[in-house]
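Q: Residue numbers (UniProt numbering), protein chains in the order written: chain D, 1 to 201; chain Y, 1 to 201.
None of these hints come from the bench; they were simulated from the model. Treat the hints with caution; some may be incorrect.
To be verified - Derived lysine to any residue pairs resembling SDA-like cross-links, with alpha carbons at most 25 angstroms apart:
no., chain 1, residue 1, chain 2, residue 2
1, D, K98, Y, K89
2, Y, K52, D, D172
3, D, K98, Y, N124
4, D, K52, Y, N181
5, Y, K52, Y, H24
6, D, K52, Y, Y26
7, Y, K52, D, Y26
8, D, K70, D, D5
9, Y, K52, D, D28
10, Y, K89, D, R152
11, Y, K98, D, Q120
12, D, K98, Y, H24
13, Y, K70, Y, D115
14, Y, K70, Y, N181
15, D, K52, Y, Y113
16, D, K98, D, L63
17, Y, K52, D, L29
18, D, K98, Y, L60
19, Y, K52, D, Q72
20, Y, K98, D, D115
21, Y, K89, Y, Y18
22, D, K98, Y, M104
23, D, K98, Y, N125
24, D, K98, D, E36
25, D, K70, D, A12
26, D, K52, Y, D172
27, Y, K40, Y, T51
28, D, K98, D, A123
29, D, K52, D, K89
30, D, K98, Y, D115
31, D, K89, D, E190
32, Y, K42, Y, Y26
33, Y, K98, Y, S114
34, Y, K89, D, D28
35, D, K89, D, E77
What the hints assert, rightly or not - According to the in silico footprint, chain D covers these stretches of chain Y (three or more CB under 8 angstroms from chain D):
no., region
36, 60-66
37, 104-110
38, 120-126
39, 180-191
Every residue gets a Cβ at the ideal spot worked out from N, C-alpha and C, and that includes glycine.
Protein chains: 2
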Amino acid sequence: MGDGDTEAAHEAIMQATYRALCEHGYADLTMKAIAEETGKSKATLHYYYDTKQDLLVAFLEYLLESFHEKVQLRDDENPAAQLTTILEKLVFGPDDYKEFQTAMLELRSQAPYSDAYRAQLRANNEELTALLAGIIERGIEDGVFQDVDPNRTASYLLSTIDGARTRWIVLDDDDVLTTVNEELQDYLAERVLVDGQEQIE
Amino acid sequence: MGDGDTEAAHEAIMQATYRALCEHGYADLTMKAIAEETGKSKATLHYYYDTKQDLLVAFLEYLLESFHEKVQLRDDENPAAQLTTILEKLVFGPDDYKEFQTAMLELRSQAPYSDAYRAQLRANNEELTALLAGIIERGIEDGVFQDVDPNRTASYLLSTIDGARTRWIVLDDDDVLTTVNEELQDYLAERVLVDGQEQIE
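Kindly produce the complete structure, drawing on both the sequences and the hints.
A: This is the structure:
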C-alpha cells in the first residue's frame, strides 16, 4: 500500500480488526465482522486481503509498528532508563485490554498450525529481541550494565513477560503483572545494572 | 471413582486423552477420537464423563497428580537441590512433546471462555505455587536461601517458565528452553541462594 488513500484504508482496517477481535474473540472473528467495524463492504476488505489469515498477518505486523511508534527511544537516554521503560510497556501494555489479549493468545495458539502466523510472530519476536539486545549492548559499552549475554538476557526477559501476560489471561490473575514487574526490576538491578537501583532513579 | 476397576478405567481414559490430544490437537479432539484410543465405546466414555469439557477438566487434574508423582520430594533433601530439580522438570517436561504442549496451549487459550477450565487451571497453579513457595520457605528457614518473598518468587519463576514453554510452541524455538533454564539457574544462584552456585553443586 503506497498512496495516502490506501494508507488511510489500511489504518482503518487495522483499527477495525482490533475492535472486532476485542468484541468477537479470535474463534468467532469473520471478515464480515471486520467489514462491519470499518463501515466498508466485505468485498472492499477482500480487495486488500484475500483471506482472514492474510489480514491477521498484516495486523500482527501493524502491532509491531505501533509498538515501535509508542516506544521511540532517544539516543541520549540512559540505557537503564530505556530498558526499564520498555519492559514496563511490554508487561502492562500498550494493549492491555483483556479481551484483546485473550484473542491474541488464541491466535498465537494457532501458530503451530499456520506457517504464515508463525513466520510473522517470529519476525515480531526477532525485532523485539534485537531492540532489547541493542539496549543491553549499549549499556555494556557505556559501562552501566554488567557483562551479560545480550541475546540470552533479552530472550529471558521476553519469556518472563510473555509468561506473566499469558498467566494474566489464562488464570485471570490481575496481580501477576505487578508482581512479575517488581521482581523483574529487582532482577535488572542485581543481574544487569552495574550499580543496581541507583542507575534507574 | 473408587474401586480398582474404576481406577483402571480412569487411568486408561486419561492416557487415551493424552494420545488423542497429541494426534488430533485440541480443536479437532472429539469424544469419538478418545474412545477409539481406549478401545472402549463412546457410550462407555460418556458413562464416566458427560461432556468433553468434563473429561478435559479431569485430565488437567490428572496432569497435576502425575507431576506430583514424578517429583516426589524427600524431606531430607537440600532445598536448593529440590528447587533446581523441580524447575528443570517444569522447564523441560515432564510432558515435553511438542504435539501435546501445542494442544495444551490451545486448551489454555480457551480458559477465558470456560469457567471449568479456568477453575481447574487455577487450582493446578495454586498447588504448584504452594509447592515452590514451600521449598523456598524451608530454604529461608534453613538459612540456605536469602530472605525473599516466597510467593512472589514462586510466581516469578512460574511466569518465566510458562513464557519459555509458550515461546517454544508459538515461535517453534527449540533453543529457548535451554537458554531460559541457564539464566534461571544463574538467577537462583544470585537472587535466591545464600552462597550462590555452591549450594547446588
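Q: Decide, hint by hint, whether the structure agrees.
A: Hint-by-hint comparison with the structure:
no., hint, result
1, D:K98 / Y:K89, "violated, 30 angstroms"
2, Y:K52 / D:D172, "holds, 22 angstroms"
3, D:K98 / Y:N124, "holds, 22 angstroms"
4, D:K52 / Y:N181, "violated, 37 angstroms"
5, Y:K52 / Y:H24, "holds, 14 angstroms"
6, D:K52 / Y:Y26, "holds, 21 angstroms"
7, Y:K52 / D:Y26, "holds, 21 angstroms"
8, D:K70 / D:D5, "holds, 24 angstroms"
9, Y:K52 / D:D28, "holds, 20 angstroms"
10, Y:K89 / D:R152, "holds, 20 angstroms"
11, Y:K98 / D:Q120, "holds, 20 angstroms"
12, D:K98 / Y:H24, "violated, 29 angstroms"
13, Y:K70 / Y:D115, "violated, 28 angstroms"
14, Y:K70 / Y:N181, "holds, 19 angstroms"
15, D:K52 / Y:Y113, "holds, 22 angstroms"
16, D:K98 / D:L63, "holds, 16 angstroms"
17, Y:K52 / D:L29, "holds, 24 angstroms"
18, D:K98 / Y:L60, "holds, 24 angstroms"
19, Y:K52 / D:Q72, "violated, 48 angstroms"
20, Y:K98 / D:D115, "holds, 16 angstroms"
21, Y:K89 / Y:Y18, "holds, 19 angstroms"
22, D:K98 / Y:M104, "holds, 20 angstroms"
23, D:K98 / Y:N125, "holds, 20 angstroms"
24, D:K98 / D:E36, "holds, 22 angstroms"
25, D:K70 / D:A12, "holds, 18 angstroms"
26, D:K52 / Y:D172, "holds, 22 angstroms"
27, Y:K40 / Y:T51, "holds, 16 angstroms"
28, D:K98 / D:A123, "holds, 24 angstroms"
29, D:K52 / D:K89, "violated, 29 angstroms"
30, D:K98 / Y:D115, "holds, 16 angstroms"
31, D:K89 / D:E190, "holds, 21 angstroms"
32, Y:K42 / Y:Y26, "holds, 18 angstroms"
33, Y:K98 / Y:S114, "holds, 24 angstroms"
34, Y:K89 / D:D28, "violated, 36 angstroms"
35, D:K89 / D:E77, "holds, 16 angstroms"
36, 60-66, "violated (count 0)"
37, 104-110, "holds (count 5)"
38, 120-126, "holds (count 3)"
39, 180-191, "holds (count 8)"
Going down the numbered hints, you'll see the structure goes against 1, 4, 12, 13, 19, 29, 34, 36, while the others check out.
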